[in-house]
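One letter stands for each residue in the lines below.
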Amino acid sequence: MQFLARASAASLRRSQAATEAFQRLGACGYATTQLTVRDALNSALDEEMERDDKVFIIGEEVGEYQGAYKITRGLLQKYGAKRAGFTGIAVGSAFQGLKPVVEFMTFNFSMQAIDQIVNSAAKHHYMSAGQITCPIVFRGPNGPAAGVAAQHSQDFAPWYASVPGLKVIVPYDAEDNRGLLKAAIRDPDPVVFLENEIMYGESFEVSEEVLDKDFVLPIGKAKIQREGTDLTIVASGKLVGFALQAAAELDKDGVSVEVVNLRSIKPLDRETIAASVKKTHRLLTVEEGWPQHGLGSEIIAVVVEEAFDDLDAPPERVCGVEIPMPYATPLEDAALPHVSDIVRVARRMFNLE
Amino acid sequence: MDFPGGKVPFTEDLAWLGPGFTPRPTIPCYRALDSQGAPLPGTSLPHDIDQALATRMYETMISLQAVDTIFYEAQRQGRFSFYMTSTGEESTAVASAAALNPDDVVFTQYREQGVLMWRGYTPLDMANQCYGNALDSGKGRQMPVHYGSKALNFHTISSPLATQLPQAVGAAYALKLEGKAAVAACYFGEGAASEGDFHAALNFSATLSAPVVFICRNNGWAISTPASEQYRGDGIAGRGPSYGVPSLRVDGGDAVAVYNAVAEARRVALERRGPVLLEAMSYRSGHHSTSDDSSRYRAAEEMAAWRARDPVARFERWMAVRGWWDEARGVGARKAARREAIAALAAAAKQPRPPLSEMFSDVYDEPPPHLVAQRAEVEAFVRAHPETLPAGMPLE
Ligand SMILES: Cc1ncc(C[n+]2csc(CCOP(=O)(O)OP(=O)(O)O)c2C)c(N)n1
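Chain order of the listed sequences is C and Z.
FYI, in the UniProt record's numbering the residues of the first sequence are 1 to 353.
FYI, in the UniProt record's numbering the residues of the second sequence are 1 to 396.
Do not take every clue at face value.
[As the list claims (entries may be wrong)] Calculated pairs, DSS-like style, for lysine-lysine (alpha carbon to alpha carbon, straight line, at most 25 Å): (1) C/Lys54 to Z/Lys150; (2) C/Lys54 to Z/Lys176; (3) C/Lys70 to C/Lys213; (4) Z/Lys350 to Z/Lys335; (5) Z/Lys176 to C/Lys78; (6) C/Lys213 to C/Lys252; (7) C/Lys70 to C/Lys54; (8) C/Lys252 to C/Lys54; (9) Z/Lys180 to C/Lys54; (10) C/Lys252 to C/Lys279; (11) C/Lys78 to C/Lys213; (12) C/Lys279 to C/Lys223.
No lab work stands behind these hints, which were simulated from the structure alone.
Take the sequences, apply the hints, and build the full model.
Rendered as structure tokens:
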């Protein structure tokens with residue numbers, strides 16, 4: 001394991017790769033720019049390390065290898081490296097005033113360290129009666145990847161979202177990734193930041209505002225990603241994209257879909273979810289995780305508590321199949337939700353089958 | 001052989017190293033006093049203990065013994081849910097604390113209340129914590145004996161074993177980056193040293209060159225598991241050199257030796273900018289906790305033999321040789337300590353509980369909307385039904 005620590009910044013040469021990423025970002029003069037999720041994350045890390053010398057990155061292969069998914073590309077050359085690692089060490093350094101960003105190669109491997117996240121990082125502020133904060137970010141790819149089977153393909157969002165003291169973010173596009181990672185690093189509380197490996201190479205159009213060094217999005221606020229009047233689809237991360245595609249498909253049936261991009265799943269933006277359902281009167285949740293005690297269960301509970309009388313149909317869930325992820329491609333495919341599943345279930349809600 | 005990990009010599013012998021093949025001598029235990037407290041001539045004592053320091057160490061140990069005895073009994077009477085004594089290990093905690101600097105950051109396991117007392121935490125502070133009353137600086141959130149004090153650089157105790165070890169490495173690393181001349185002192189039992197976190201912490205402390213003083217209290221028992229079943233190597237100190245961590249075994253019941261060992265450990269950690277491991281050999285003379293009855297798994301003779309080596313009595317004898325202690329002074333100190341412990345419990349018992357409204361604070365730095373809503377709901381309910389508020393607990 002390794003981590004990047006700021007050495008005397010002035011003496012360190014900015015790497016070629018980071019410079020390029022930066023130039024791509026700074027291609028001003030246009031109202032919008034294309035930005036990949038990877039560059040959104042890389043630039044957010046870079047700028048936050050530049051801004052605050054207490055911020056450092058710690059994790060497996062984040063140095064010379066530039067992270068398993070190259071999110072930390074260029075940062076080693078810029079900030080210098082110290083070999084290190086391990087979640088408990090990062091937690092201890094946060095107690096002592098540093099601001100570590102822990103990169104898990106994938107959240108599957110965070111299970112080795114979950115005691116440090118749940119029992120130490122999340123609870124220390126409360127147990128010390130507010131005397132000690134733990135400003136730390138745990139980030140990395142979460143959720144099913146492709147072709148890596150049971151122990152590498154799992155959605156941990158509901159696990160972490162159940163823990164008081166943690167904030168949990170599931171970003172979707174480049175804007176979300178950039179604005180929310182910067183917010184997470186600046187936040188005084190421990191934040192679990194769940195990325196998606198499959199999204200890293202995706203490109204999104206972003207406005208100039210998003211490229212500003214101080215562009216931060218509020219934690220705990222959802223975004224209406226698409227307005228609609230007949231059905232609310234609540235999604236997070238990669239599945240926001242699925243929901244948008246399904247919405248376009250359902251348009252053809254004359255069903256106007258509103259897509260709520262949760263962005264944060266703890267705290268959960270109950271208001272935005274409830275307001276949307278009060279408008280559309282129908283709710284469909286989508287996630288890649290397992291159904292029992294999943295995000296969908298929680299969102300439906302919120303709607304039952306806040307907007308039960310506004311519902312015109314029973315809420316529905318689209319989830320991953322409740323089995324460990326199989327390896328063989330057709331089985332893996334069958335275990336995961338697709339745009340077509342979302343469309344099918346939505347049609348069922350309107351008796352359009 | 002040149003290998004990425006360093007140079008390795010070649011040999012033509014197919015020779016095993018280790019137990020049954022090339023037995024290594026057991027690491028000896030450094031001490032300054034014999035089992036009765038008589039000073040041993042020729043002991044290397046780089047750090048002098050003068051009369052004022054000795055008196056303060058003595059009085060802290062006496063106070064610790066009084067608190068342990070009286071609080072243990074109070075728990076048996078049902079005044080609070082849990083208690084743990086440090087009987088048999090008073091000198092490990094107090095003498096090590098005396099050798100540290102107040103700037104040094106301390107991470108402990110749960111049986112090191114002597115460290116906190118040395119730093120100024122009073123029997124009343126302890127009683128307030130055990131009762132979880134309104135004066136508890138922890139707002140009544142942690143179970144008894146899980147003390148913490150930011151002002152005293154003493155981290156809130158964490159129940160899951162060994163979590164404090166990698167955390168101490170991280171804190172030490174932060175101290176080093178800040179350029180502070182301070183160490184992280186990390187206490188743990190030999191049982192906790194069987195957790196994975198022990199091994200990760202030692203390895204990373206060495207590779208990171210983090211100034212940590214690891215202090216293992218090898219008290220012979222981890223609840224009902226004897227040290228003889230805990231490891232097959234040479235205890236805990238025996239592991240240190242394999243991780244590249246300088247290590248020393250010390251008689252934990254010998255306050256003079258512990259003081260010298262920890263003062264040296266601190267010096268070495270700061271001068272070399274790296275970790276040091278101490279293994280303090282002692283005996284858990286009390287039960288594991290108030291939830292345990294150790295007579296069910298260990299011999300009465302063993303317990304009696306160790307009680308006869310009471311670390312405080314050994315220190316008294318050493319002080320007496322120097323003319324700093326006599327029977328009358330000892331009796332006076334014990335009486336005063338007992339009175340203070342009893343008065344602390346009585347005072348703590350009279351305090352109200354922390355206010356109900358505090359239940360929701362400090363989960364986050366700023367309370368998020370769902371907690372604000374839950375808190376408002378609870379407050380409205382209690383205002384409407386005041387009889388539901390638990391006795392002795394104010395609303396705000
Ligand atoms: C991870 C974990 N496993 C088990 C326990 C239960 N437990 C509490 S104390 C203890 C024994 C620890 O013994 P040792 O480290 O030798 O310290 P001692 O009590 O002797 O001071 C155990 C097993 C725990 N608190 N945490």
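Cross-check of the supplied hints:
1. C/Lys54 to Z/Lys150: holds (20 Å)
2. C/Lys54 to Z/Lys176: holds (13 Å)
3. C/Lys70 to C/Lys213: Holds, at roughly 21 Å.
4. Z/Lys350 to Z/Lys335: holds (23 Å)
5. Z/Lys176 to C/Lys78: holds (21 Å)
6. C/Lys213 to C/Lys252: At roughly 41 Å apart (the allowed maximum being 25 Å), lysine 252 of chain C and lysine 213 of chain C break the hint.
7. C/Lys70 to C/Lys54: It holds: about 22 Å lies between the C-alpha atoms, which stays within 25 Å.
8. C/Lys252 to C/Lys54: violated (52 Å)
9. Z/Lys180 to C/Lys54: Measuring from Cα to Cα gives roughly 15 Å; hence the hint holds.
10. C/Lys252 to C/Lys279: holds (21 Å)
11. C/Lys78 to C/Lys213: At roughly 17 Å apart (the allowed maximum being 25 Å), lysine 213 of chain C and lysine 78 of chain C satisfy the hint.
12. C/Lys279 to C/Lys223: holds (15 Å)
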